[in-house]
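Enquirer: Each chain, written out:
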Amino acid sequence: MIKRLAAVAAFVAVPLLTHAQTIDGPALYQQRCAACHGKAGRGDGPFAGLLDPRPRDLTSGRYKFRSTDTGSLPTDDDLAASITNGLHGTAMPSWKRFLSPEQVSALVSQVKTFSPRFGSEQPKAIAISAELPSSPQSVDAGRAVYEKLKCGACHGTDARGAGAIARELKDDWGRATVATNLSEPWAFRGGSTVRDIFLRFRTGMNGTPMPSFLGAATEPELWQLAVYIKSLGRKPLWEMAGQEVSSFYAEQAKSAQSDPVRHGEYIAQITGCAFCHSPFREDSTMIDELKYAGGQRFDVVPFGTFVSYNLTSDKQTGLGGWTDDQIKTFVTSGVRRDGSRMIPFPMPWPNFANMKPQDLDALVAFLRSLPPVANRIPLPQSPNIVSYLTGKFSMLILHKDPPLWTYPGNAGAAAVAASSGSSR
Amino acid sequence: MKRFLKWFGISALALGVIAFFAFLYFIPPFMLMKPSEFSGPAGKAGPDLSKISDPGERAMAERGHYLVTLGSCADCHATPTAQGPDIDHMYLAGGMKTSRKGFGTYITMNLTPDKATGVGNWSDEDLMRVWRNGIAPDGHQVPGHLMPWPAFSHWSDEDVHAVIVYLRHTTPIAHAIQKPDPSEPSMGTPAAFEEDFAGADYAAPRPK
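First to last, the sequence lines map onto chains A and B. Heads up, the working numbering is the position in the first sequence plus 3, with the first residue counted as 1. Heads up, the working numbering is the position in the second sequence plus 64, with the first residue counted as 1.
Derived by calculation from the structure, the hints in this document are not laboratory data. Quick caveat, the model's predicted, so the values are computed rather than measured. Beta carbons: idealized from backbone N, C-alpha and C, even for Gly.
Computed cross-link-like contacts, DSSO-like style, restricted to lysine-lysine with a CA-CA straight-line distance of at most 30 Å:
1. Lys115(B) - Lys257(A)
2. Lys173(A) - Lys257(A)
3. Lys243(B) - Lys42(A)
Have a look at the derived ranges for each label pair, beta carbon to beta carbon:
4. Arg339(A) - Lys66(B): 55 to 63 Å
5. Lys359(A) - Thr145(B): 27 to 35 Å
6. Ser187(B) - Glu171(A): 36 to 44 Å
7. Ala179(A) - Phe87(B): 48 to 56 Å
8. Gln255(A) - Asn185(B): 29 to 37 Å
9. Thr235(B) - Thr326(A): 36 to 44 Å
10. Gly107(B) - Gly236(A): 32 to 40 Å
Build the full structure now, drawing on both the sequences and the hints.
Expert: Written out as structure tokens, the structure is:
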């Protein structure tokens with residue numbers, strides 16, 4: 004029990020270590036990092052399941068953002084840079100404001116203890132040639148390199164990240180990964196200077212399908228490519244004004260229609276579908292194999308017990324047997340296909356009623372693309388009349404907020420391995 | 065006569081009790097209202113954006129409003145009443161108590177641009193950070209199982225920006241968020257909790 008409390012304390016309370024004279028690296032790691040990277044650095048903390056990209060598995064020694072040769076470990080400076088600057092566009096924040104350089108280096112030492120490779124290897128930053136200044140000639144030359152190296156196969160000929168094989172990309176852990184949209188440099192995880200971009204081609208990104216291109220191209224060619232990629236950056240929304248914004252949104256809506264599954268996935272992510280439609284273990288790690296397969300139990304006092312539905316395309320227990328219209332009707336009005344109705348929570352369908360038709364279509368297209376997972380979900384259960392009346396009494400007469408309880412474990416029929424995420 | 069009065073009294077009392085329970089049983093009439101009556105307020109809540117003169121900013125704020133609606137922000141970030149969140153008066157002004165077993169009880173933040181009690185003094189960067197990884201400007205991390213920032217960390221920077229533009233246009237509401245009572249029975253971790261909330265008011269802006 005004490006152990007569990009301590010673990011919970013690490014996630015809930017993340018106080019600043021302002022008075023510490025000597026820095027306790029392991030404790031600092033548990034406070035600041037374990038919520039995502041897991042207690043033992045396996046990348047399986049309580050919040051890991053919902054994150055995309057997933058937090059790094061620190062035990063593997065495979066790091067994307069390095070100044071060392073492909074396949075090598077990162078240097079201490081590389082690790083410190085990732086912690087200090089964060090990885091843009093992900094849940095990894097910049098810790099500059101909250102951690103002192105000494106605390107960052109204590110964390111670097113702690114992170115290195117998770118992989119035995121750091122004990123036997125001495126990573127060394129590669130020597131790189133001088134940066135190529137940008138010019139129309141170097142941009143043109145870089146465009147030729149982009150074609151020569153077939154970057155477009157993943158990143159697309161328009162470099163928007165939608166290449167022919169982009170949807171098939173998997174990382175070393177077998178999880179789907181994306182090809183970066185090269186027109187949005189602010190979202191480049193490892194930074195967007197020409198040197199940062201060059202390093203990604205030169206050193207590769209370990210653990211992902213992005214290889215090192217040294218050998219396939221010369222170093223000067225890679226500099227040309229970096230200059231070309233840098234030139235692709237479009238204007239971000241926060242620098243636009245006036246009609247530019249409306250035409251940007253119109254263009255976005257148009258490109259969303261060309262790839263409804265991808266757009267639908269984004270809609271599912273921004274509405275947080277997986278947050279409720281996936282079960283979590285006692286230690287709050289998500290049961291990955293049941294992501295989107297429902298099974299999370301909610302007690303809505305005084306209205307009864309609800310279990311989130313299986314959204315995968317399974318014919319018997321998921322949405323596979325529902326028509327598009329039935330899904331849309333439920334999402335926007337809470338009316339099930341048998342005509343029965345859902346109260347306006349915990350599924351916030353009154354909000355989803357405002358969803359634009361094209362977003363709704365895309366969402367359905369995405370849900371249809373989820374591989375079937377059999378997980379039979381029990382029907383909602385009404386409370387007994389006594390708890391119903393006492394619940395309503397305390398809500399309406401005593402003006403107590405109606406509590407909503409969520410429970411760990413899968414309430415559906417699918418069997419789940421009892422092992423917790425952090426002891427896998 | 066006395067006997068009659070006694071019986072009359074008893075049956076009146078019984079009838080009253082039955083009527084009271086029947087009343088309790090039938091309100092609020094979730095199942096008697098049409099779905100459209102529920103979904104109306106959620107979509108119409110918020111400031112009048114048509115008054116924004118710059119068309120670019122207006123388009124961003126409209127997009128932000130749409131995203132705030134789909135993200136169901138106001139379902140938690142509005143003071144609850146017995147009829148649901150009070151989006152007429154306390155839209156995005158926080159104040160809902162939310163609990164999870166083992167994680168304790170928290171009270172949702174005031175997201176309106178009120179300088180003293182809301183996020184009026186937070187920078188864009190502060191808002192972006194709390195959105196992506198739940199870290200408030202004072203350094204404490206919002207538990208991701210109550211405020212689902214892990215589910216929201218996928219939003220594109222441009223969409224988060226649109227939400228920030230929208231939040232800056234909402235009506236500022238002075239509504240100080242109290243730190244929740246650590247003795248709440250649902251609190252799983254009082255010690256950890258007190259440590260985290262040792263400061264006075266965690267929603268108040270901190271000097272940088």
